[in-house]
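Given the coordinates of chain A, assemble chain W with the ligand onto it according to the supplied hints.
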Amino acid sequence: MQTPAPFEYERAASVEEAIALLTRHGPEARLIAGGHSLLPMMKLRLARPETLIDINGLADLDYIRVEGDQIAIGAMTRHATVLESAVLAEHYRIFAEAERVIADPIVRNRGTVGGSLCQADPSEDLSAVFAALRGQVVIRSVEGARTVDLGNFHRGPYETAVGDGEILVEVRVPIRTRTGSAYEKVERRAGDWSVAAAGAFVQFGDDGSIADVGIGITAVGAEHFTCAPAEDLLRGRPPTAEAIEEAAAICAASCHPSADQRGPVDYKRHLVGVLVARALNRSIARARGEAA
Amino acid sequence: MTATEIPPPDAALSPAGNPLGFGRMLRKEDARFLRGQGHYVDDLRLPGMLHGAILRSPYAHARIVSIDTSAAEAHPKVKAVITGAVLETLNLAWMPTLSGDVTAVLATDKVRYQGQEVAFVVAEDEYSARDALELIDVEYDPLPAVVDARHALDPDAPVIRDDLEGRTDNHIYDWEAGDAAACEEVFAKAEVVVAQDMIYPRVHPAPMETCGSVAHMDPVTGKLTVWTTTQAPHAHRTVYALVAGLPEHKIQIISPDIGGGFGNKVGIYPGYVLSIVGSIVTKAPVKWMEDRSENLMSTSFARDYHMHGEIAATKDGKILGLRVNVLADHGAFNGVAQPTKFPAGFFHIFTGSYDYPAAHCKVTAVYTNKALGGVAYACSFRITEAVYLVERMVDCLAFELKMDPAELRMKNLLRPEQFPYTTPTGWEYDSGNYPAALDEAKRIAGYDELRREQAERRAAAAEPGADPAAPLMGIGISFFTEGVGAGPRKHMDILGLGMADGCDLRVHPTGKAQLRLSVQTQGQGHETTFAQIVSHVLGIPPEDIEVIHGDTDNTPFGLGTYGSRSTPVSGAAAAVAAQRVKDKARIVAAAALECSPDDLEWEHGRWYVKGDPSKGQTMAEIAMASHGSLELPEGVEGHLDASVVYNPPNLTYPFGCYIAVVDVDPQTGQVKVRRFIAVDDCGPRINPMIVEGQVHGGLADGVGMALMEVIAFDSDGNNLGGSFMDYLLPTSMECPSWELGQTVTPSPHHPIGVKGVGESATVGSPAAVVNAVLDALQLRHADMPFTPAATWRAMQGRPLRPDLAIE
Ligand SMILES: Cc1cc2nc3c(=O)[nH]c(=O)nc-3n(C[C@H](O)[C@H](O)[C@H](O)COP(=O)(O)OP(=O)(O)OC[C@H]3O[C@@H](n4cnc5c(N)ncnc54)[C@H](O)[C@@H]3O)c2cc1C
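Here the protein sequences line up with chains A and W, keeping their order.
Going letter by letter, the first sequence gives residues 78 to 369 in the numbering used here.
Going letter by letter, the second sequence gives residues 41 to 847 in the numbering used here.
Just so you know, these hints were derived from the structure itself, not from any lab.
No residue lacks a Cβ here, since even glycine has one placed at the ideal position from N, Cα and C.
Don't take each hint at face value.
To be verified - Computed Cβ-Cβ distance ranges for the label pairs, DEER-style: (1) P504(W) x R142(A): 46 to 56 Å; (2) H211(W) x P117(A): 34 to 44 Å; (3) G221(A) x P184(W): 53 to 63 Å; (4) T100(A) x S763(W): 29 to 39 Å; (5) P504(W) x A222(A): 54 to 64 Å.
As the list claims (entries may be wrong) - Subject to a maximum C-alpha distance of 20 Å in a straight line, what follows is the list of computed EDC-like cross-link-like pairs (lysine to aspartate or glutamate): (6) K655(W) x D681(W); (7) K712(W) x D181(A); (8) K381(W) x D214(W); (9) K323(W) x E166(W); (10) K120(A) x E166(W); (11) K381(W) x E166(W); (12) K120(A) x D331(W); (13) K120(A) x D297(W); (14) K120(A) x D82(W); (15) K120(A) x D165(W); (16) K120(A) x D219(W).
Stated by the list, open to error - Some chain W residues close to chain A (C-beta under 10 Å, calculated; not the full set): (17) M765; (18) M773; (19) E774; (20) S777; (21) L780.
The following block holds chain A by itself, in its conformation from the complex:
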């Protein structure tokens, strides 16, 4: 058995208490949500928090609801809940499509939205989803709550805008009309992390051109899990095959994949092009009501 180094354990009964415990125990304390990223790292002794602050009791952070023109997702919402959410399915098919290929049912039953984003693994799928949808996260500390755009959330691999004594409490995404979204992932095996994955939403304007578009890309070193130049290229243009190809090619050229046992750089780049194009095409078809 793999065994972690010694640590202390605390259980928070409220967000306020979690923040208080974080403040009290200092930077060597870590929140534990689903534990599906943190515990494996602790067992390999790659992570050695002095104190674990368990936030699994914070049921009030487990929700998916419409608030005005946004959807709000609580940090403690499990992957499985996201996968099955009718609210999300109604607005963004990308969620269920991404969740279906995140890990396996056992991990999805425990792993959380907040934990996924805060882990900030460079291959994280929900980071790509929220990047595509241009979501925002709500972070709380003793000083109160602040909101950060997803584009500013990731500070590098395994690093986020969440500072010492802070907790991520919510993620928000804007609701958009006449929109389709999709997620495409290539993995070596069910439950494996992405070789590369891409998600998109496409929103049509009255004239049938692309009014707005978001592209999310993971596992290949795409800056902020997206590709702004490709989005800019598509915005305002009719959704032609050439435009899609061009945008996909920009994504492929501008990401920074590294070679590993999932694949060499040339393949990953090629894959980004294929997957971005597929995600955009399916988003377009869905926005038009042409595809399920």
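Leaving out everything else, chain W with the ligand in the frame of chain A:
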């Protein structure tokens, strides 16, 4: 019974509804497994038990400059810290391997692969033991590592085994089989010769339960008891006696429930020995249980064969010869577990299922800075590599001849009248009807229809405006001949121990029986299958037959379960023992019925008087009589039991034909196995459900090896497959719903005609999947595993080396 006819299924049912012999029944062991009540080594808790943990080398190749254990020893919960230097004083720093080499128990001079054992800590609990590992300070002087087997024999390659006197290179052995001159002649004249390089990469058996042991040297009685994850308890006992110089009668090996072995639990690992040393030093029981990464990085790997094959044929597809050169990567120590006279295992069965006169192989084995092993993962002593080689070469030939691979195979398969058939490399195949198996697989698959669909898809893909994402369809065939049931004593031994199996059958006074076996189930269902074998002969209900195994104090000697040998060898022993009991029962029944044994006739479970079926004795009555006061004829002892040592006259040769259908995404390289048809012939099926389970597991293995399983190393010798995030095993999501079929050709020399089946599917299936992928891509060859990246690169004409880090 003579085995040339197919036995009728045993129709009658026992009181519990089980067949009185062969047939489907639920596994007796499943009641405890399904309830989570199995009892594994790690479940053992002995009073005062301590816990061991191993410090392992982070380097693939490094000189050990110094080891400072003082901080670890000062840990309040640590009871002992053992290093190679300590072991040297006990003459235990090195131990023999199963292949005539030595391996380090704890490294003294150098570490030779990443994950090698360097020190052992014994502490009050496993957490403290692991904490203390971090307190050991080892100073290493890193050396260049030999990673690519193809460079192991370079003149400037670092010498890995400088511990061996006079060693100046990394060469282990050269070994040949077959007739090189005959091949020369055939190849020189052949109309067609196809040559192909291929790698069967290093894979790992990865059993669910990792390896471990609890050792208890009782300071009062001087008896050593080791509860351990072993597929071969008796062989382990003898090896401990030889290695540690302990008296063999004072060693008891207990192998409780085992969570999968696949060959991984044949070898003796340093951890086992260290738990024994730990117990001797601390005078307390010591548990050692490795974690997943330790299992993947340091215990017996499988395959790692770099092969160059050449096949000769006529233009119209008659195969004339096959020859192969192998570069075998054995890792840092030659620790292959195989019969002594077979350094390359049974690889020279590579001529496969076909009829041709000339064959030759040469195997060169080398040391590299990798873990040791080589025969594991249900490979039947390297028949997996052999089948992969020949089935790939036949497909390469079909590719060059533009012939349908099924047609090419049919043209060359051995014909039923050729059995028993002696192969060009000296194996005597016992029985087979190969064309029938190929036909049956084609029938289930709807082969012609599949080829039509493929042709239509290919035509559609060539049309202008065709969907560039349309999947590429591939159909792959593999025909395999296995060779299992090692083996005849005069040819086969491991460490000098002949491969015959003992077996004791005892029928108690009330007619219930106990069968004691030397083989050790790791999930194969021995408790059920062996009870059915006895039931088949004696008619005693399987639920009334307790199968006892996994305890050397309570079972007869034998070499254990691997190489699919349990049913061919111990199954035969059980059948013979039951037959002896049946013969003795006849004498007892005759005494009870006051007639001559010759006047008795047998119906399942009962001897009765010829012509008067109402006068007879059931097995239960006979059992009671033989333990009672009934006067027995002169020279006949009481009780009802038999002891047998079965020395198999030959291996059994199960065979089969597999067809895989795959769809490849031409843009992403993802492979989906759409269908898999498996026709197996293992002779009569004792429990068809268990056979199907074995086949299902092996097919999943094959999909895994063909599509994702591999242990590669980077240029520093870092193991890139050291966790289940890196070493991918297939899940149900990658497996289609298996379509199984069978033909039944009994073995003429096995007492009940059965052949082994435990590894057939693992041996036969990788080639089917690979052949299907390459058929989809319309390529002659590329190496597995076909991960999306590897498939795409193969399509690009720039294939990846599977054994090295992707750059
Ligand atoms: C076998 C396996 C396969 C996986 N495959 C995938 C995959 O394919 N794709 C994918 O995207 N993910 C995958 N994952 C990761 C999985 O989604 C994790 O559940 C997720 O990354 C982390 O969520 P968690 O709730 O378990 O976080 P935890 O492990 O509990 O925490 C992760 C980190 O986030 C911090 N944290 C948690 N919650 C908060 C919060 N509210 N505020 C601030 N910090 C917080 C923790 O302190 C910790 O540093 C896989 C995991 C496993 C074990």
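Quick rundown of the hints versus the structure:
| no. | hint | in the structure |
| --- | --- | --- |
| 1 | P504(W) x R142(A): 46 to 56 Å | holds (51 Å) |
| 2 | H211(W) x P117(A): 34 to 44 Å | holds (41 Å) |
| 3 | G221(A) x P184(W): 53 to 63 Å | holds (58 Å) |
| 4 | T100(A) x S763(W): 29 to 39 Å | holds (35 Å) |
| 5 | P504(W) x A222(A): 54 to 64 Å | holds (58 Å) |
| 6 | K655(W) x D681(W) | violated (24 Å) |
| 7 | K712(W) x D181(A) | holds (19 Å) |
| 8 | K381(W) x D214(W) | holds (13 Å) |
| 9 | K323(W) x E166(W) | holds (18 Å) |
| 10 | K120(A) x E166(W) | holds (13 Å) |
| 11 | K381(W) x E166(W) | violated (42 Å) |
| 12 | K120(A) x D331(W) | holds (10 Å) |
| 13 | K120(A) x D297(W) | violated (26 Å) |
| 14 | K120(A) x D82(W) | holds (18 Å) |
| 15 | K120(A) x D165(W) | holds (16 Å) |
| 16 | K120(A) x D219(W) | violated (54 Å) |
| 17 | M765 | holds (8 Å) |
| 18 | M773 | holds (4 Å) |
| 19 | E774 | holds (6 Å) |
| 20 | S777 | violated (16 Å) |
| 21 | L780 | violated (23 Å) |
In summary, the structure is inconsistent with hints 6, 11, 13, 16, 20 and 21 from the numbered list given earlier, while agreeing with the others.
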